[in-house]
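Asker: Here are the chains, one letter per residue:
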Amino acid sequence: MQARRLGRGVNVVGAGMSPFGSFPEKTSRELFSEAVQAMRATVERGLDPRRIEALYVGCFSSELFEGQGQIAPLLAEWVGLAPRPATRVEAACASGGVALRQGILAITAGLYDVVLVGGVEKMSGLPLPEATGALATAADVLYEIPAGFTFPGFYAAMASAYFARYPADPSLLMDITIKNHENGSHNPKAQLNRSIAQVMQRARQKAAQKGQPEPGWLDERDFLRDEHANPTIAAPLRLFDCSPITDGAAAVLLASDDAAAGLCGSPLRVIGSGQASAGALHSRGSLTSIEAAQAAAREAYEMAGVRPADIQMAEVHDCFTIAEAIALEDLGICPPGSGIRAAGEGFSLRGGPCPVNPSGGLKAKGHPVGASGLGQVVEIWQQMRGEAGARQVARPVSLALAHNVGGTGQSSAVHIFERR
Amino acid sequence: MEMEDLPVTHTVYLQHLAAGRLTAARCQHCRALLLPPRGVCPACYHAEMAWEPLSGRGTLAAFTLIAVGLPAMAAQGYDRQHPYCSGVVRLDEGPSVSALIVGEGGAPPVNLRVGMPLKIVFGRAAGLAFQPA
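Protein sequence lines correspond, in order, to chains G and B.
Read left to right, the first sequence gives residues 2 to 421 (the numbering used here).
Read left to right, the second sequence gives residues 92 to 224 (the numbering used here).
Only chain G is shown next, with the shape it has when bound in the complex (with noise of 0.2 Å):
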């Protein structure tokens, strides 16, 4: 089948985020204006808002999480764009990436030349246990939750499908949490912004403060190992190998070419973009990869006619460890049974061929479902444009790929993008 290409240009012309943590103060609208306001000061030709033609905003589940449904015309109206059309997006994880793609497809019909693209989840107002149970939401309530699976759970199984399929030291994991913590170290938006080391340091600090015997760890991997410090949640992913409950908001800017020109001197365009759907993880053919995410990367790979090998950074769906190595695979920038020791093998670092999550991935940034996939977009701008600063790759970055799964694959959406 012919690859389908965009009909119009579609350019990202401004990106921003608030902060993701814990801000049990913050209500998700604020969240959201500060992802706006972020961005704003990213157009570099000046922003009035009133050309803004239409929102599409990515969130998993406001009613569950605050009680609040129709979250979309709320969120327009109060960052001033009512009455223009505000769409809710909606595909667990990927409900950003998804709305990502809802504004390249309205540029792209023709409809409108300035779309604004948002993401925000507010989870932190519910107790743990009732954001499980919300998050649990996001798997089939039928036939998977009564077996009584958790998120951690499911990519835990995964996990022990994947060191079947390609034996090696689960250990490896801990070479991601590494390196997205080191890299979400120099993230001053990020929830852990400490990298395991700074981590222990802490840790030790404190159990000296308590007249604690202080901690034998001898190295980062030795703290990862220690049951007490790094508590296993489901076998085997533990603590430091799942991303955190999050608040957050990210918000990108889409122009037409035409529009485009007038927003920004040097903006980022959209050359890739893909989509799939999937059933419940056992209904698949392979528990060892996520084929809504092959699939969505073919398709983002054929429109924009490049290939794994091309891509020279990558922020990737790290809901837990064990998705970056699996996510490396189904994009086909590492081979099967390989991703595992990309991070170890220095490959996916900041200094590395193929530069993997240097905002600090989920992991580190943290996981604030809606906004998740959005945010990865504005890593992807900052460091295309040089602005990254500490955590900046080494390599010049002109090609690069945003990687977004929803639950354990029931949705994917891919994006590539270019810079001149």
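Just so you know, these hints were derived from the structure itself, not from any lab.
Be careful, since some hints might not be right.
The following label-pair restraints were derived from C-beta to C-beta distances [claimed, not checked]: (1) Tyr136/B / Arg308/G: 52 to 58 Å; (2) Pro189/G / Thr102/B: 30 to 36 Å; (3) Arg129/B / Arg308/G: 45 to 51 Å; (4) Arg52/G / Arg129/B: 45 to 51 Å; (5) Glu303/G / Gly196/B: 52 to 58 Å; (6) Leu105/B / Pro128/G: 27 to 33 Å; (7) Ser267/G / Gln172/B: 56 to 62 Å; (8) His137/B / Gly70/G: 34 to 40 Å; (9) Ala310/G / Ala138/B: 43 to 49 Å; (10) Ala134/B / Arg421/G: 33 to 39 Å; (11) His137/B / Gly390/G: 24 to 30 Å.
Just a few of them, taken from the derived set where beta-carbon distance is under 7 Å, the chain B residues facing chain G [unchecked claim]: (12) Val103; (13) Leu105; (14) Pro127; (15) Val131; (16) Ala153; (17) Phe154; (18) Thr155; (19) Leu156; (20) Ser177; (21) Ser189; (22) Ala190; (23) Val193; (24) Val205.
Computed footprint of chain G on chain B, listed as stretches where at least three residues anywhere in the stretch have a Cβ under 8 Å from a Cβ of chain G [as the list claims (entries may be wrong)]: (25) 115-125; (26) 157-164; (27) 209-219.
Treat the numbers as computed from the prediction; the structure is a model and nothing was measured.
Don't be surprised by glycine CBs; every beta carbon is placed ideally from N, CA and C.
Put chain B on the given structure of chain G with help from the hints.
Answerer: Only chain B this time, still in chain G's reference frame:
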């Protein structure tokens, strides 16, 4: 009316389970075996289904011991010291299911490994449960 004549619905699927039968739907057009069962075939889009009982045997395709569990499991006493096992079971007939993997008493089986043979056990859980065969 015989159970076999009842329509292919979620409700009847649960009735079969309650009677100790794991039952799938067989598409009469393309022969696809559907679990969970449904009235319209997602492979060929025809709506001619028949109930087909399964052996309840399979192998463990993926699993985890869950230390921080769902509230419903915590309410049964599972915790960090007493984890439970959730897994994906590949049934001998082809389809896979999500299920609790149970051993003696309320504990998970010992020596869990991908590939271990399992058999369905009824009355142990709200959803499907399997034990070592």
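Asker: A separate judgement is required for each hint: does it hold in the structure or not?
Answerer: Tested hints:
1. Tyr136/B / Arg308/G: 52 to 58 Å: This hint is violated: roughly 35 Å between Cβ atoms.
2. Pro189/G / Thr102/B: 30 to 36 Å: violated (54 Å)
3. Arg129/B / Arg308/G: 45 to 51 Å: The hint (45 to 51 Å, Cβ to Cβ) is violated, given that arginine 129/B and arginine 308/G are roughly 39 Å apart.
4. Arg52/G / Arg129/B: 45 to 51 Å: holds (47 Å)
5. Glu303/G / Gly196/B: 52 to 58 Å: holds (54 Å)
6. Leu105/B / Pro128/G: 27 to 33 Å: holds (31 Å)
7. Ser267/G / Gln172/B: 56 to 62 Å: Since the Cβ atoms of serine 267/G and glutamine 172/B sit about 57 Å apart, the hinted range of 56 to 62 Å holds.
8. His137/B / Gly70/G: 34 to 40 Å: holds (37 Å)
9. Ala310/G / Ala138/B: 43 to 49 Å: Because 46 Å falls inside the window, the suggested range holds.
10. Ala134/B / Arg421/G: 33 to 39 Å: Violated: the Cβ-Cβ distance is about 45 Å, outside 33 to 39 Å.
11. His137/B / Gly390/G: 24 to 30 Å: violated (59 Å)
12. Val103: violated (14 Å)
13. Leu105: violated (10 Å)
14. Pro127: holds (5 Å)
15. Val131: Not OK, violated: valine 131/B not within 7 Å of chain G, min 14 Å.
16. Ala153: OK, holds: alanine 153/B within 7 Å of chain G, min 4 Å.
17. Phe154: It holds, given that the least Cβ distance between phenylalanine 154/B and chain G is near 5 Å, below 7 Å.
18. Thr155: OK, holds: threonine 155/B within 7 Å of chain G, min 4 Å.
19. Leu156: It holds, given that the least Cβ distance between leucine 156/B and chain G is near 4 Å, below 7 Å.
20. Ser177: The hint holds - serine 177/B has a Cβ within 7 Å of chain G, the shortest such distance being about 4 Å.
21. Ser189: With Cβ-Cβ at 4 Å, under 7 Å, it holds.
22. Ala190: Hint holds; alanine 190/B Cβ to chain G Cβ min 5 Å, cut 7 Å.
23. Val193: violated (10 Å)
24. Val205: Nearest chain G Cβ about 4 Å off; hint holds.
25. 115-125: violated (count 0)
26. 157-164: holds (count 8)
27. 209-219: Per the Cβ count (4), the hint holds.
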